[in-house]
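K.L.:
As given, the protein sequences belong to chains Z and P, one line each in that order.
full-length UniProt numbering puts the first residue of the first sequence at 1, with every later residue one more than the last.
full-length UniProt numbering puts the first residue of the second sequence at 1, with every later residue one more than the last.
I should point out that these hints are in silico values taken from the structure, not numbers from a laboratory.
Just so it is clear, the structure is predicted and the values come from calculations on it, not from any experiment.
Positions of the beta carbon are idealized from the N, C-alpha and C atoms, including for glycine.
Watch out, some of these pointers could steer you wrong.
[Unchecked claim] Now the stretches of chain P that chain Z is said to cover, found in silico as 3 or more residues with beta-carbon under 8 Å: (1) 1-7; (2) 91-98; (3) 112-124.
Chain by chain, the residues:
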Amino acid sequence: MAVAFDEMNIPGGDLRPAYQELARWLKETPPEALEYRRQEAELLFRRIGITFAVYGDSESTERLIPFDVIPRIMSAKEWAVLEKGLKQRVRALNMFLRDIYHGRDILRAEIVPDDLIFQNPVFRPEMNGQQVPHDVYVHIAGIDIVRVDAEDFIVLEDNARTPSGVSYMLENREIMMRLFPDLFARHKVAPVERYPDELLAALRSVAPQSASSEPTVALLTPGVYNSAYYEHSFLADKLGIELVEGRDLVVKNNEVFMRTTEGLKRVDVIYRRVDDDFLDPLTFRPDSVLGVPGLMSAYAAGNITLANAVGTGIADDKAIYSYMPDIVRFYLGEEPILKNVPTWRCREPKDLAYVLDNLSELVVKEVHGSGGYGMLIGPAATKATIEAFRDKLKREPEGFIAQPTLALSTCPTCTASGLAPRHVDLRPFVLTGSKSTTIVPGGLTRVALKEGSLVVNSSQGGGTKDTWILDE
Amino acid sequence: MLSRTAENLYWLARYVERAEYLARTIDATLRVTALPAAYIGKTNEWDSALLTAGVAASFYQAYEEANEHNVVEYLSFSQNNPSSIRNCIEAARLNSRSVRTALTSEMWDTINSAWIELQAVWSKGTSTREDLAKFLRFVQETSLRFDGSAYRTMLRNDAYWFSRMGVHLERADNTARILDVKYHVLLPEEEHVGGPLDFYQWSSILRSVSALTAYHWVYRETLKPWLIADLLILNDTLPRSLASCYGNLVRNLDQIGVAYGRQGPAQRHARGIRNRLEHSNMNDIFQHGVHEFIQEFIADNSRLGEIITKQYLI
Numbered sequence: 001m002a003v004a005f006d007e008m009n010i011p012g013g014d015l016r017p018a019y020q021e022l023a024r025w026l027k028e029t030p031p032e033a034l035e036y037r038r039q040e041a042e043l044l045f046r047r048i049g050i051t052f053a054v055y056g057d058s059e060s061t062e063r064l065i066p067f068d069v070i071p072r073i074m075s076a077k078e079w080a081v082l083e084k085g086l087k088q089r090v091r092a093l094n095m096f097l098r099d100i101y102h103g104r105d106i107l108r109a110e111i112v113p114d115d116l117i118f119q120n121p122v123f124r125p126e127m128n129g130q131q132v133p134h135d136v137y138v139h140i141a142g143i144d145i146v147r148v149d150a151e152d153f154i155v156l157e158d159n160a161r162t163p164s165g166v167s168y169m170l171e172n173r174e175i176m177m178r179l180f181p182d183l184f185a186r187h188k189v190a191p192v193e194r195y196p197d198e199l200l201a202a203l204r205s206v207a208p209q210s211a212s213s214e215p216t217v218a219l220l221t222p223g224v225y226n227s228a229y230y231e232h233s234f235l236a237d238k239l240g241i242e243l244v245e246g247r248d249l250v251v252k253n254n255e256v257f258m259r260t261t262e263g264l265k266r267v268d269v270i271y272r273r274v275d276d277d278f279l280d281p282l283t284f285r286p287d288s289v290l291g292v293p294g295l296m297s298a299y300a301a302g303n304i305t306l307a308n309a310v311g312t313g314i315a316d317d318k319a320i321y322s323y324m325p326d327i328v329r330f331y332l333g334e335e336p337i338l339k340n341v342p343t344w345r346c347r348e349p350k351d352l353a354y355v356l357d358n359l360s361e362l363v364v365k366e367v368h369g370s371g372g373y374g375m376l377i378g379p380a381a382t383k384a385t386i387e388a389f390r391d392k393l394k395r396e397p398e399g400f401i402a403q404p405t406l407a408l409s410t411c412p413t414c415t416a417s418g419l420a421p422r423h424v425d426l427r428p429f430v431l432t433g434s435k436s437t438t439i440v441p442g443g444l445t446r447v448a449l450k451e452g453s454l455v456v457n458s459s460q461g462g463g464t465k466d467t468w469i470l471d472e
Numbered sequence: 001m002l003s004r005t006a007e008n009l010y011w012l013a014r015y016v017e018r019a020e021y022l023a024r025t026i027d028a029t030l031r032v033t034a035l036p037a038a039y040i041g042k043t044n045e046w047d048s049a050l051l052t053a054g055v056a057a058s059f060y061q062a063y064e065e066a067n068e069h070n071v072v073e074y075l076s077f078s079q080n081n082p083s084s085i086r087n088c089i090e091a092a093r094l095n096s097r098s099v100r101t102a103l104t105s106e107m108w109d110t111i112n113s114a115w116i117e118l119q120a121v122w123s124k125g126t127s128t129r130e131d132l133a134k135f136l137r138f139v140q141e142t143s144l145r146f147d148g149s150a151y152r153t154m155l156r157n158d159a160y161w162f163s164r165m166g167v168h169l170e171r172a173d174n175t176a177r178i179l180d181v182k183y184h185v186l187l188p189e190e191e192h193v194g195g196p197l198d199f200y201q202w203s204s205i206l207r208s209v210s211a212l213t214a215y216h217w218v219y220r221e222t223l224k225p226w227l228i229a230d231l232l233i234l235n236d237t238l239p240r241s242l243a244s245c246y247g248n249l250v251r252n253l254d255q256i257g258v259a260y261g262r263q264g265p266a267q268r269h270a271r272g273i274r275n276r277l278e279h280s281n282m283n284d285i286f287q288h289g290v291h292e293f294i295q296e297f298i299a300d301n302s303r304l305g306e307i308i309t310k311q312y313l314i
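One chain only, chain P, in its complex shape (with noise of 0.2 Å):
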């Protein structure tokens, strides 16, 4: 296929999962900052919001202060964000533009009623709560009516390989981000002073990839934050955690390889990381520095897209 096309799937991908983490992550960040002041501690979630989506610096040049308004506003429909969720459906939609002969009709239909309904309802943003939480599940809805119709009416052939590629190193750069601003509550026990309001952060966490009820089912536990960390890190039963990300990533690559008879760095280097986090235990993790580990992934993760867009797409 063509590279461009091949692009274009892969970013059309990422951006339509970008939008619904960030939908997950305002509604997460919702649940929490609604509780009393007792319950959650000095933290400023709205600033955890903005460091999760990997926008604070760009939003700090616009605002004073990370504060519901603002930050609703910053990561949902501002035209300067460029990955605000806005501009992530827009640019899903260009991609969609640019490449339908290789989307189905149903995916089409899934990104275009989307940015339709962008323009018709959302053109103004929301102007209360209600209308906000009709909004995060509307873009929710969309991501999963999108991969709902790539599942369903994709040929299995590079074109949904690109696309699944997109989901998934996307999907662990999210994942590895709320790790990253959030690690330092999900320490063992004896290195911080838990108490009560811990609780409350765990359970945002694991909205924010929605695995709050898998973790029960996984654990069958109370929220344990080396549980939560296992989970999201380790556990590929879950769709979010980074082993299964990679697991899939490993997967898409080969089948890539094998359909054109070739591999390459690509493929060497997402199962590198695969082998990685499948030979880690929590133990080995936690000892040598969660938020390390978590960088280091973030900058391979990053990597192993410059090194696919370099093998593929140009």
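Okay, chain Z solo, but in the shape it has when bound (with noise of 0.2 Å):
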């Protein structure tokens, strides 16, 4: 694998501009006082209660997510790109979903494969011919970036379902501000304050025609015990809208409305955190218990507005996304601003040929897999889990897609040991209203805490950093 490109360190020894005045008060800080408030930094995380739920450890139930004080920074230039990128991508991602529960143009163009849509569980049959307000399906898109050079932009993976993590955009910045005011006075930081406010109205500008025109927004969480949680409350606070849960709602005559200590009132529009799967036990999973009876029928009768809209998973599908290029060609005649990453697809026996004879060099993702739970990094991995991996593939090749291991680039992290570079990506989020497609200047920056590794999702031991976009 190629030396990662550095987001700090040009090779010779030079900076790069937007990490300047980081080096120069690095160099005038002792490591100490880093310490210090590295740990300053945790006691206050956990005594705010930003915590998150690792499924499946019993050891303990809530657990922070390490944060590194070294912020990630982009210049002014580098984001306008992005940004541009950005609402491209998710203006593609909207027409395509609108098309695909409609018309199906692309299907009929063949640039996409029927099979694709049809047989892939996430597509929602349901949501044919069914109109959502202004055509708007992903409100909230958090499309993961990393970067191997410092031309390119790269997407990892659109997220168009529950896209989590903003809330840790937010807090980081609040402790960093709290923690390093010496630091921003040297820099000039584009704030992210508003996105709760841009989020809301944002929500508002999608509420049904049947609403009135105070309509009411309202966040479903799964409860206390889903592992983000913290961020559904956060959230909630912060635009100022009611948390519920399946119980609190209630559908009659296809309206929804919440139980209150007032008595019914109505819901126009749903902020969901709660997958298709549990959102409705008539429709959906019977079993669920996070979900309210009839909330389908009253999404059918154009009275209620889902935020992410039902079905949006067909259009971050990991099979869906190597189409990404053409998809986006396709509707906007443009050409993409931003790259994918190359996909083998293992449905396809070339592909699958190629990808069984490469293993240990390529990642290997489930294509409905998230998180970073089953997937295969070739080069880390050991023999005996290649070759149980390659098992799985050749029992259920449509299961998987392939990529190279990218050299995601790197960025000057606390560690043991001082100062090193660790692998890190970037989750911008991306607003879609009535009128206009909005990003706030940031995003999550995802570091992989491990020396040389390259996973940086939380539940497999990633940390986080604030992420700064210079105004210049």
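Could you fit the two chains together into a complex? Lean on the hints.
P.N.:
Right under this line is the structure:
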């Protein structure tokens, strides 16, 4: 594997411009002072209760995501490119979804194969022909971006269902500003704090026609035991909307109400952080206790907006991912600004053969997986793991895609032996309302804390960093 | 507000109040049992502590003897006792987490910090008296901080009133339970054989509702059972008296009624109990029978809890 692109240091000893001030500050700051503030940050996180749960971990049900105090910095120029590319990508995702559940032009044009849609478990036939307000399907998108050089931004994954992590973007900044006021004084960092306002505006803008002029928005959570519960309560609080669970909602005459101390109150927009499968036991999984019986019929009647819409999983599916450049070209007639990682679709015999021959160099992912669960990182895996994976692949090739192992860019990070480069990615959050698509300058930078590791997922021991977009 | 949110706020406040009450009970019992036997007689004070906590039956399923070690363990740390202090704090934290949006950050910080301390410092219980004293102080301070931060930081709206209702309903129940267990030492002098040991029983009762000093300020008298009963039941200047709790409950329910533009059975029932307390004097109560009076009160009070639940919380 090639030496990774470092976001701060240029080979040869120079610094990239965006990091010059930080480097100067680091030189002036004794390591003890940095360590002291690192501990302070951890204490703050624990106090505020910013925790997440790791499934299948019985030891501790709540954990902190490690926070690295060294910010990840991007110049305004870099951000401008990224922002444009993200808006383009999300616009295409929304048009693709609208098309898939209506005219299906893209299938007729044979750009995406039919069976990839119709035999895909995340395709929702219930959504066929269903109007969604303003044709917005993906109101909140989290697009995972990686870099391998100074020029390009590469999309690693689109998250169009219920992307999480934005609370870390906001809290990381809060805590950094509290702990490092001096560092902020030396930079012009674009603020991120208007995200909740923009999210609320986007959600209100897509209220159904039958809503009053002051639509009621609520955030639907699976409850306190969900791994992202902290984020749900955090966002509901910042937006000033009710944090509801399935049992708080009831459907009557195809309208959705919440049970309040003053009786039933109509809800117009649900920012739902519950997966499709669990939304409505009458339509989807009958064993779901997280959902609201009848929600889908209220949805069909056009009396409630769900954000994101039902059935968006078909757009962020890893098998569909490989078609994204063509999808962008098809709907927008533009060249994609953000690149895709070259992807082998194991469902295609030629690709499968290549993948099987090169397992030790590739990353193989489950098409429907997320959170870094169930993937193979060839270069880091033992022979036995690779062989076991080979069997899985042969048994069910259509369940997998493979990509080259990318040398994700690195950022200086606090480690036990001082500052050292660690691999990072970036998840910016793209909001789409009835009129516009907006992105708060920043995002969640995830960092693989183990030396050499490329897995940044928090469920796999990754940490986070504050992400600074410099305002020039 | 969401019914579930109101319910969580109400129970959150009850759990915190209950934890404090248990801590006070243990504290008061420790003091009494530290006295030489001649001063406290033959009663098993640890057994009384279980009775006032309302957990005697479940305790004896797990333990043979009500002694300091077992009772402190059961009331403070037991996982098997649903209303042990530990479980109260755990439940309070869980409730807080589900209604974080309705709590101020100060309230959340209080509960979350207490929960963190419970795990970091007290996960193994206490091994010495000194430790136990520290633990009990920690619990009482948590409750004071919670109460104080609610008072100082919450908006005066339904969230606040539901939370206060939890406090007062729980508090009324606790005070009534002490009276229920100890009523026999409060009977008028002619009705029972008084002795020096009663003094310590009386001061212990007052201590468990933090009213020992208050007693002296109110009555400027030595401890007299009649007056103790008056203080705990009828004196509405004492925050833990039944009268005061009901004054507050009626006020909170009225505020909710006004805000929602509607009154209901909860308001009527609470007013009924308050009126009864207002129009009673100790003479009548003793004549009616203190024990009966208290038992009726406990039943009425828990009935109010049910009515509130039905009217607002589900």
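K.L.:
Compare the structure with each hint and give your call.
P.N.:
Here is how each hint holds up against the structure:
Look at the segment 1-7 of chain P against chain Z: 6 of its residues bring a Cβ nearer than 8 Å to a Cβ of that chain, three or more, so the hint holds. Here the segment 91-98 of chain P counts 3 residues with a CB under 8 Å from a CB of chain Z, which clears the bar of 3, and the coverage holds. Residues of the segment 112-124 of chain P with a Cβ under 8 Å from some Cβ of chain Z number 3, which satisfies the need for three, so the listed coverage holds.
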